[in-house]
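Protein sequence lines, in the order shown, are assigned to chains C and P.
Positions 1 to 276 (the working numbering) are the ones given, in order, by the first sequence.
Positions 1 to 367 (the working numbering) are the ones given, in order, by the second sequence.
Watch out, some of these pointers could steer you wrong.
Each computed DSS-like pair below joins lysine-lysine, with the alpha-carbon atoms no more than 27 Å apart [said to hold, decoys possible]:
| id | chain 1 | residue 1 | chain 2 | residue 2 |
| --- | --- | --- | --- | --- |
| 1 | C | Lys268 | C | Lys59 |
| 2 | P | Lys56 | C | Lys171 |
| 3 | C | Lys171 | P | Lys121 |
| 4 | P | Lys325 | C | Lys171 |
| 5 | P | Lys15 | C | Lys155 |
| 6 | P | Lys325 | C | Lys155 |
| 7 | C | Lys59 | C | Lys221 |
| 8 | P | Lys197 | C | Lys171 |
| 9 | C | Lys119 | P | Lys16 |
| 10 | C | Lys168 | C | Lys197 |
| 11 | P | Lys16 | C | Lys197 |
| 12 | C | Lys155 | C | Lys168 |
| 13 | P | Lys121 | C | Lys84 |
Hints are computed from structural coordinates only; laboratory data are not their basis.
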Amino acid sequence: MSAMNFIEQIRQRDRVFDFIQPQASSRLDVSHGNILYLEDISVSFDGFKAINNLNLYIKEGELRCIIGPNGAGKTTMMDIITGKTRPDTGSAWFGSRINLLELDEPEIAEAGIGRKFQKPTVFENHLVVDNLELAMAGNKSVITSLFARLSAAQKERIDEVLETIGLKDNKYRLAGSLSHGQKQWLEIGMLLMQNPKLLLVDEPVAGMTHQEMDRTAELLKSLAGQHSVVVVEHDMDFVRSIANHVTVLHQGSVLAEGTMDQVQSNPKVVEVYLGE
Amino acid sequence: MLDKALMNDRLIFDKKTQSFLAILTAVALLVSLLNTFVPEGHILHCSTFTVTLLGKYLCYALLAVSVDLVWGYLGILSLGHGAFFALGGYAMGMYLMRQIGDRGVYGDPLLPDFMVFLNWKELPWFWHGFDMFWFASLMVILVPGLLAFVFGWMAFRSRVTGVYLSIITQALTYALQQAFFRNEMGFGGNNGLTDFKEIMGFDLQSDATRLGLFLCTALALGLGYMACRYIVCSKLGRVAVAVRDAESRTRFIGYRVDKVKLWIFTFSAILAGIAGALYVPQVGIINPGEFNPINSIEIVIWVAVGGRATLYGAVVGAILINYAKSTFTGWLPDAWLFALGGIFVFVTLYLPKGVTGFLNRKQEQLA
């Protein structure tokens, strides 16, 4: 594959070889204010257009909620951003310098995008503290992992995150024995340990009680600012409680964007949500 | 309290490891003493036959540990570890063949008997160097390691997992078996390599050499076990378990899952190769039958019976099943495979954590 590309390059006489051109810096550049650019993205599975000409921009430090009926393409969009799915067309940039379509999952994670899954996936056979340790930002190569020891600062950081997600007393419990809500928090905690610039949070309050929801809302709000947060959620009350900016997806593209009130009074949105 | 109990698990020298090493040392010492100092015919005398049999079991135990590392901790169900074992064995066998020198049936100073028989005039290029022990030892590590590396690099990078990977590993060992059966390959074909005389100048038939090989195997098992224990207790070991339980999640927090798998798989193949190299001088033969896919499946059964993801369980399983095999095949040779299948089904249904898991639970209930 790369050999083919190389031959292609040599045949084009009017341009400089890719390998001579300076490497794009892997540093995140948000000087233009946006941290994520998704442009003209389309992807189809067996002819079904899951994402159709999607354009979406996320500002730095923003807390954005994405809503939409089932099958609107919310999870597929996250898959594209994190490298799990490759779009058929379009471009995805993290900051204005990192081309997400050229990276694979670990590279994207390393670049600074963290993801919380719809179904909480923690490492059930590990202790809570191990889950956080594994997620911690840093060199994740095989050889470093083999000789890794936790430093005092790292231990402190883990305790700090445990405090934030309210699992301090469960530090040495098996993650598999936590309740559903606690697993959700642990996963958010793992996101925090990764210290990403952009957090993608898929249905964070599914299966949570009202108190738990309130705490999650607080947590996400406190994260916005230093991090950019994208939340996909079905629960409208929850969305109302955290978001000032909402995007509505429908059939794979953006239907409406604006504040919660604007969106809710938008006739197109009402139609999609309530039916004809 | 809970804190302490859990922390004990992470120590490389935890209680189970301590007992394992203690038992291994005790057995090695006892066997040496009973073999050397108790006169033959005495009831406590440990015959050289028994010593070699035990040495064989310890080779199997090391092989089982290597499989447990990739299957128990990393979730790669390798049904081809017999291939790495056999390759290590062949490397050692080639050295032993070269040691025969002109004492073969045909008395050729350079060519092993089977080559003379096939009318070959010169030594194939890949047989050069095997007259030196250090070179052969290097090959014992390099050949299985390299094969595992190349195989793993292709398989893990393409994200072949689960049952597909298991089938490919079966195909790998089957293909090697077919290749080694061919006389043209230059590894003795169907008959393999045998009729060894000496290793590093020591007569392979002598009691002292037999005992020495047994002790080397015990040492290799101890060291191999500790190396695995180190990996399992490190952060890499926790990453491996994370890969086993939630592979794509591990990828999303930034680990290169393919590399984690590749390195641990390669290391495990090297261990299997070392086990094979120690096995061959003790049993005195290596032939393509060692590549038989059934053998590789049997290793997995040892680990399942002993208990996955414990390391010591693999040792227990390998010794138990092979002891059963030795006794059973002497008694009802045709029924052994049925018995083995029966044991596997029984363990899967009633002892999902193997024999050691069952004993641990009993112990906890008593405590």
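Hint-by-hint comparison with the structure:
Using a Cα cut-off of 27 Å, the hinted pair C:Lys268 and C:Lys59 holds, with the two alpha carbons roughly 25 Å apart. Taking the CA atoms of P:Lys56 and C:Lys171, the gap is near 45 Å; set against the 27 Å cutoff, the hint is violated. The hinted pair formed by C:Lys171 and P:Lys121 fails the criterion: a straight-line CA distance of about 70 Å is larger than 27 Å. Of the supplied pair hints, the one linking P:Lys325 and C:Lys171 is violated, its CA atoms being roughly 46 Å apart against a limit of 27 Å.
Using a Cα cut-off of 27 Å, the hinted pair P:Lys15 and C:Lys155 holds, with the two alpha carbons roughly 26 Å apart. Of the supplied pair hints, the one linking P:Lys325 and C:Lys155 is violated, its CA atoms being roughly 50 Å apart against a limit of 27 Å. For the proposed pair C:Lys59 and C:Lys221, the alpha carbon gap of about 15 Å is at most 27 Å, so the pair holds. About 60 Å separates the Cα atoms of P:Lys197 and C:Lys171, which puts this hinted pair outside 27 Å; it is violated.
Of the pairs offered as hints, the one joining C:Lys119 and P:Lys16 is violated, with about 36 Å between alpha carbons and a cut-off of 27 Å exceeded. Pair hint C:Lys168 plus C:Lys197 holds up; C-alpha atoms about 25 Å apart against a cutoff of 27 Å. A hinted pair counts as satisfied when its Cα atoms are at most 27 Å apart, and P:Lys16 with C:Lys197 does not qualify at roughly 44 Å. Taking the CA atoms of C:Lys155 and C:Lys168, the gap is near 13 Å; set against the 27 Å cutoff, the hint holds.
Our distance criterion of 27 Å between C-alpha atoms is broken by P:Lys121 and C:Lys84, whose separation comes to about 58 Å.
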